[in-house]
Amino acid sequence: MTERFVMLAPLALPLLILLPLAWAALAFVLGAGRGSRLAIAAAAVQLVLAFALAAAVMDGGPLHHAAGGWGAPLGIDLVADGLAAAMLLLTQAVALPLFIFARGYFHQDGAHPDAAGHHFWPLAGFLVAGMNALYLSEDIFNLYVTLELVGLAAVGLVASGGGAAQTAAALRYLFAALLGSGAYLLGVALLYGAFGSVSMVTLTPLIASASASAGAEAAEVALIAALLMVAGLLMKSALFPFHFWLPPAHGGAPAPVSALLSALVVKASIYLVLRLWLGPLAPLLTPLAWLPTLLGAAAILWGSWQAIHAERLKLLVAYSTVAQLGYLFLALPLVGVGSTGASASAIVTLQALAHGLAKAAMFAAAGIIIHATGRDRVDDVAGIAERLPLTLFTFALAGVSLMGLPPSGGFLAKWLLIDLAMARGHWPLAAVILAGGLLAAIYIFRVLRLAFLNLPEAMIEAEHHKARVVPRSAEWMAFALAAASVLLGLFGGLPLLQLVDGVGAGTP
Amino acid sequence: MSSALLYAIAGVLLFAAGAAGVVMLDHLLRRVLAFNIMGSGACLVLVGLAQRSGIPDPVPQAMVLTGIVVAVAATGLALALIRRLHAQTGRVDGKGEEGRDKGETVAGLTLPVPQAVAGQGRDD
Amino acid sequence: MSAAFAFDLLLVTLLLLAALRALTTPRLGQSLLAFVVFGLLMALAWVRLDAPDIALAEAAVGAGLSGVLLFDAWRALCGEPADEAPTAERMR
Amino acid sequence: MKRLAVLTAAAAFAALLIGALLDLPAATLDLRPLLAEAMPVSGVAHPVTAVLLNTRGYDTLLEIAVLLVALLGVVVASARADVTGDPGRTLAPPVATSADPMVSALARLVTPLAVIFAIYVLWAGAHRPGGAFQAAAILAAALVLLHFARIVPACAAPSRGLRIAAVAGFAIFLAIAALPLAGGALLQYPPAAAGLLILAIESGLTVSLALVLAGLFLLLADDPGGRR
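Chains as they are written, first to last, in my numbering: chain U, 1 to 508; chain A, 1001 to 1124; chain P, 2001 to 2092; chain F, 3001 to 3228.
Chain U extracted, bound-state conformation (with noise of 0.2 Å):
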């Protein structure tokens, strides 16, 4: 079994990308509302495909493909290292239950699929295949493309909600996605002036040797162009405060949308930030890790204020996505190993996988919850703990991994980075971090406390005859994700730890 695994997996990096391609434009063509059973079955074999390649990167180190069998610098490198391997897999991952879900949201009638969901598959599949080219890729500007490709299908997603108001979100959220590329692709234009590559591998020793040598002219228009791509990938990641376009965007999308939003999407570009900061720009960035790390904490307690203020409850959700998003920009400072020996990028990678699940869990059952009410605001929640135990206990164990209690994904990714944080005397991260854990408890306790109320006989009746029921199989996928973040800190965080990390890879 393991075996096969691995002898699939070099094919994986290619396939990854083209499978995604190629179902999108067979749902684009088979037409509106069509393509779910296709797209569900395409996402196990990516399923499969990302663990086979996760297994053969943790046996045997990271696997490269030349694309056109060039090789860089002239040609495109495909490289999949353990975390590449991680973030394909959270990807996977989170799509597979979640086209589940959406095939049961959409669908309800029968035959008559929502119109909110006629142009979700296609969509869909440029948008994975967008983000799995975007993990693969070590090329700079075919990272610009891969970007377009997931802000342009995540911004049709966004529309597709039909109504004034997500049109008015998925404009703005176009605008910000294309400043933000806009900036990253005059970073690319000005790296390549000054070093003739847009391959990472190749730039890294150039960028290096350049703001080596003191007053070298070309680490000057290095350092702004390492500015550029930074500050256009922190508006693409939403990092405080360029999270304006977040909570319209993924607060009033369809529930299958924000969840692949929220879950995904933006980790996207908060990867390439953190490749990038580690990697090629690292000589360039370094004195300013501080910077995103002090967004980051604005960014956690900023947006667990407004999750507790919210009135909505998708919205809530969505802010809650801001402040969970400040945690992955906190480990920046903290490079190298603490105390367990996790690194800093793997710790991140533990908390990017734990809220993606969680999220999409709490992003769905929110979705349950609105169906079932016909009504998006919090205090519409009140009793839905009788009419719908499953989805309220599936919110329930995706809070318990965003506050970060054991043994969630969340709990262990927190803990590991408070552990680090105090290893290097960064004590404020440490209290800002657990402040975090605190808000989050206020504002999700806010919604199960009221879902418990105890409404009056009579207007349970009157809720239960307007209710629209999703399907049973919706429910069960919203919790089958929550639980995996749940149990993600029980079985999954060492082996993942060790993915990033590397440790155990042989010597290829």
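Careful: at least some of the hints might be erroneous.
As the list claims (entries may be wrong) - So, partial list: chain U residues that the calculated Cβ filter (under 10 Å) puts toward chain F:
id: 1; residue: Leu11
id: 2; residue: Pro14
id: 3; residue: Leu21
id: 4; residue: Val145
id: 5; residue: Leu174
id: 6; residue: Thr202
id: 7; residue: Val221
id: 8; residue: Trp415
The hints are simulated quantities; they were obtained by calculation from the structure and are not laboratory data.
Just so it is clear, CB atoms sit at the ideal spot from N, CA and C, and this is done for glycine as well.
Since chain U is already given, all that's left is putting chains A, P and F on it; use the hints.
Then chains A, P and F, alone, in the frame of chain U:
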């Protein structure tokens, strides 16, 4: 100064003007123009800097062709969304966004509870 | 300064002026017109940069198709171009 | 106040960057000799086409995906607000007004010329400036002209046939990209067949790109939902 460097410098100015326009302008069509000008600026920097020696470099030229296609794609999508927003609200500017975080006001108009119920509003 | 460089300097100046006009002129119709001119000047700049492929694409797409898209959108948003004045005021 | 801050920031940024660019030394690496070495096995004689469809063909593959995504987004945005779960509705009601006879005549005259010119530009791309994208842009322009002549109607949503045609070029590209995986890397053409494969990709792309580019316009031209 070589001609190519001159174009690269013009590219920087165009980028700065375009970026400022995307941030500052109210009318959404103007923002689309600004975004296109910003993209053209980045493309000029890409080719201009690479060809400072005066010899054409096909690699950035091919990248710019890719960039132009992406820009057209983004322009088409932006215009479609702007027209939809106009059809739905009658507005074509990005004003009144402050209240939008609450999800109730969009483009200065008060809307019914957004169709977060995935377009289900019609039969509620 | 050679004649070629003088021409480049002139072209760059016109390019910047067209861009500024497209961004700042109060009337949207003129702004779109300036943008199409900007696209054509860009095509000329690509020729000067020995990039005829880009020049062709820019002329066809940057100035042509984008221009048509924008003018069509403008017509749809603001009614017929004739009653531009009242809407154009709101544009600012 | 905000305007002043943004303008100052933009001006300061431009001044800083231009200052840095003025004494930027020549790039450390030069890809031109590398590309020149690769040209004999690239399958084409024009370097830009070689980069676009061979050495960096993977970029182009994703770029076509971006265009398709934009088309999908436009389809989403032009769906009528009152759209019901009826995926069968395709064409918009025919346009009532008749076209300017001059425009009609012009369109009938120009279209065949545009097709011939597009084929030339496509074929020329192997040796000199030109190629699939430029040819597609010319065809798209012809389609838009035909729309103004009321010969091609605007669509609310593309029909099945149009969707197949719009995706066909991408599908051919995808298949040719995937085939070499049996023995090599993504998009690694055998040098002997490279020229032919690139021509096949470009021919498919020309038709599909023309439809997608024209689609961006024709879907938009059908005013979504009308003006309320």
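key: Violations among the numbered hints   = The structure breaks only hint 8.
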